[in-house]
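Chains as they are written, first to last, in the numbering used here: chain A, 5 to 232; chain B, 5 to 232.
Mixed in with the good hints, there may be bad ones.
[Said to hold, decoys possible] What follows is a set of in silico ranges between Cβ atoms, one per label pair, in the way DEER data are often shown:
{"no.": "1", "chain 1": "A", "residue 1": "Thr226", "chain 2": "B", "residue 2": "Gly38", "range": "34 to 44 angstroms"}
{"no.": "2", "chain 1": "B", "residue 1": "Gly178", "chain 2": "A", "residue 2": "Pro201", "range": "26 to 36 angstroms"}
{"no.": "3", "chain 1": "A", "residue 1": "Gly122", "chain 2": "B", "residue 2": "Pro201", "range": "33 to 43 angstroms"}
{"no.": "4", "chain 1": "A", "residue 1": "Pro201", "chain 2": "B", "residue 2": "Glu93", "range": "39 to 49 angstroms"}
{"no.": "5", "chain 1": "A", "residue 1": "Lys214", "chain 2": "B", "residue 2": "Arg190", "range": "49 to 59 angstroms"}
{"no.": "6", "chain 1": "B", "residue 1": "Gly178", "chain 2": "A", "residue 2": "Tyr28", "range": "15 to 25 angstroms"}
{"no.": "7", "chain 1": "B", "residue 1": "Gly178", "chain 2": "A", "residue 2": "Asp152", "range": "21 to 31 angstroms"}
[As the list claims (entries may be wrong)] Coverage of chain A stretches by chain B, computed from C-beta distances (three or more under 8 angstroms per stretch; other residues unrestricted):
{"no.": "8", "segment": "39 to 51"}
{"no.": "9", "segment": "54 to 61"}
{"no.": "10", "segment": "137 to 150"}
{"no.": "11", "segment": "181 to 193"}
[To be verified] Partial list, derived from the structure: chain B residues whose beta carbon lies under 10 angstroms from chain A:
{"no.": "12", "residue": "Arg51"}
{"no.": "13", "residue": "Leu61"}
{"no.": "14", "residue": "Thr65"}
{"no.": "15", "residue": "Asp179"}
{"no.": "16", "residue": "Gly186"}
{"no.": "17", "residue": "Trp192"}
No wet-lab data here; the hints were simulated from the structure. The beta carbon of each residue, even a glycine, is placed where N, CA and C say it ideally should be.
Protein chains: 2
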Amino acid sequence: MTDSSTTGLRAGKGMPGLSYPEEYLRRLASELTGKFSGIFGAETVERYVLGSYTGLLRTSTVKAHLAANTTRFATDRLTALAQAKGAIETPVPEVLFVCEQNAGRSQMAAVLTNALAGGNVHVRSAGSAPAHELNPAVVAAITELGLDLSEAFPKPLTDDVVQAADIVITMGCGDACPVYPGTRYRDWDLTDPADLPIEEVRIIRDQIRKNVEELLTGLGITPTGLPT
Amino acid sequence: MTDSSTTGLRAGKGMPGLSYPEEYLRRLASELTGKFSGIFGAETVERYVLGSYTGLLRTSTVKAHLAANTTRFATDRLTALAQAKGAIETPVPEVLFVCEQNAGRSQMAAVLTNALAGGNVHVRSAGSAPAHELNPAVVAAITELGLDLSEAFPKPLTDDVVQAADIVITMGCGDACPVYPGTRYRDWDLTDPADLPIEEVRIIRDQIRKNVEELLTGLGITPTGLPT
Numbered sequence: 005m006t007d008s009s010t011t012g013l014r015a016g017k018g019m020p021g022l023s024y025p026e027e028y029l030r031r032l033a034s035e036l037t038g039k040f041s042g043i044f045g046a047e048t049v050e051r052y053v054l055g056s057y058t059g060l061l062r063t064s065t066v067k068a069h070l071a072a073n074t075t076r077f078a079t080d081r082l083t084a085l086a087q088a089k090g091a092i093e094t095p096v097p098e099v100l101f102v103c104e105q106n107a108g109r110s111q112m113a114a115v116l117t118n119a120l121a122g123g124n125v126h127v128r129s130a131g132s133a134p135a136h137e138l139n140p141a142v143v144a145a146i147t148e149l150g151l152d153l154s155e156a157f158p159k160p161l162t163d164d165v166v167q168a169a170d171i172v173i174t175m176g177c178g179d180a181c182p183v184y185p186g187t188r189y190r191d192w193d194l195t196d197p198a199d200l201p202i203e204e205v206r207i208i209r210d211q212i213r214k215n216v217e218e219l220l221t222g223l224g225i226t227p228t229g230l231p232t
Numbered sequence: 005m006t007d008s009s010t011t012g013l014r015a016g017k018g019m020p021g022l023s024y025p026e027e028y029l030r031r032l033a034s035e036l037t038g039k040f041s042g043i044f045g046a047e048t049v050e051r052y053v054l055g056s057y058t059g060l061l062r063t064s065t066v067k068a069h070l071a072a073n074t075t076r077f078a079t080d081r082l083t084a085l086a087q088a089k090g091a092i093e094t095p096v097p098e099v100l101f102v103c104e105q106n107a108g109r110s111q112m113a114a115v116l117t118n119a120l121a122g123g124n125v126h127v128r129s130a131g132s133a134p135a136h137e138l139n140p141a142v143v144a145a146i147t148e149l150g151l152d153l154s155e156a157f158p159k160p161l162t163d164d165v166v167q168a169a170d171i172v173i174t175m176g177c178g179d180a181c182p183v184y185p186g187t188r189y190r191d192w193d194l195t196d197p198a199d200l201p202i203e204e205v206r207i208i209r210d211q212i213r214k215n216v217e218e219l220l221t222g223l224g225i226t227p228t229g230l231p232t
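Starting from the given sequences, assemble the full structure and let the hints guide the process.
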């Protein structure tokens, strides 16, 4: 590292491995390096932690949940990559839902699939242009079914979750999703719930539920009922 | 990798290192692994190539330039990371401009700084929510100065370019940028040129030029004139 004598700007640089924007990210990188030991090196894990943090920081307005969401996002992306590499078992089909904002359609599809599949699929969701936060009408429409979106958050589409998927279902995100050989792609034509009142969001939600039930049936899985 | 007997969905999965969404990405990963040999392992380079591709694919509408832009983006991000780690020399100050769309303000700032610094700084730019393409009025306002934006494209803010920067200048992107210790941050208050006619974009451009000249002077660099 060359120090620029006219500016002194390079002082404090060139200290590899010492610099994190938040102390909890250093701890997270260390924890995940242990968790994924034998699968990924420390450099890959550090890249995922800092990349996931920056990816969420770019768009999230609710910074209060940033640490918890970064932990979930980085852990899930590393898990997906390990699955794609065959280093972690994938006992049930992996389904990825992608919409534009990951604030409405793909979140409803994910939580409904989780609820209706009875553990027989694993689900992820992402957005091509993630919103600042979940659509409140969507949260209300899901909550009134007795389902929980409290830990969900909009996140950018990354190649690892696509690689880990057996089926990718896109909803209004155009051709924003990488096409991997060996992965099935489907597109669901659904109204975007952004800015719609809850009465109309419920109609979209019920359409998604129907689509999910057909999807599960097609996978040989009998949809369960919802919790009562 | 467990094969799901009810669905057969896992067939074709579990072939580590064999799957790329585009053949040119495999070649790019191989080239960059050679170029950054001794600095980064093949896994890190592959992650950067596929991550950069997915990051641009999410938002870019002009898919014709996707291959060239992915090459530029992945190469530049790996270079930035190598600089941040002290593995590549950084002989001049690194300046990063960040706005929301990376389609107007940060692009004008980058090209003007490049033109006025006479090689005495190195410049990058990024956006917290990158646009589909550059703002055409911005391209026109820059082109009429004899400067070139033909190879510029909107790209998402990533932590590597922040880590490599000595100075980060934000413009209307809120607190979307990671704060690293040892990096200087400034915010420029500028009108967003989105949807403005060229007459108003020229005013913003000239304000940015003034800001850039002050920035350079503050770094001990005498601004050059623009090409005639």
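Using C-beta distances, would you say chain B covers the segment 181 to 193 of chain A, given that this needs three or more residues below 8 angstroms? Answer holds; 7 residues pass the 8 angstroms Cβ test.
Taking the least C-beta to C-beta distance, is B:Leu61 closer than 10 angstroms to chain A? 6 angstroms, holds
Three or more residues of the segment 54 to 61 of chain A near chain B by CB distance under 8 angstroms? holds (count 6)
Confirm or reject the claim that A:Lys214 and B:Arg190 have a C-beta distance inside 49 to 59 angstroms. 53 angstroms, holds
Looking only at beta-carbon atoms, does the pair B:Gly178, A:Asp152 fall within the given range of 21 to 31 angstroms? For B:Gly178 and A:Asp152 the Cβ distance comes to about 29 angstroms; the hint holds.
Quick check on a hinted range of 15 to 25 angstroms for B:Gly178 and A:Tyr28, using CB atoms only. At 21 angstroms between Cβs, range holds.
Assuming the hint says 26 to 36 angstroms, is it satisfied by the Cβ distance from B:Gly178 to A:Pro201 or not? Because 28 angstroms falls inside the window, the suggested range holds.
Taking beta carbons only, do three or more residues of the segment 137 to 150 of chain A come closer than 8 angstroms to chain B? violated (count 0)
Take a look at whether the Cβ-Cβ distance between A:Thr226 and B:Gly38 falls inside 34 to 44 angstroms. 52 angstroms, violated
Within 39 to 49 angstroms: is that where the Cβ-Cβ distance between A:Pro201 and B:Glu93 falls? 58 angstroms, violated
So, B:Thr65 near chain A? Judge it on the closest CB pair being under 10 angstroms. 8 angstroms, holds
Taking the closest Cβ pair, is B:Trp192 under 10 angstroms from chain A? With a minimum Cβ separation of about 18 angstroms from chain A (threshold 10 angstroms), the hint on B:Trp192 is violated.
The structure fails hints 1, 3, 4, 10, 17 (numbered hints given earlier, in ascending order).
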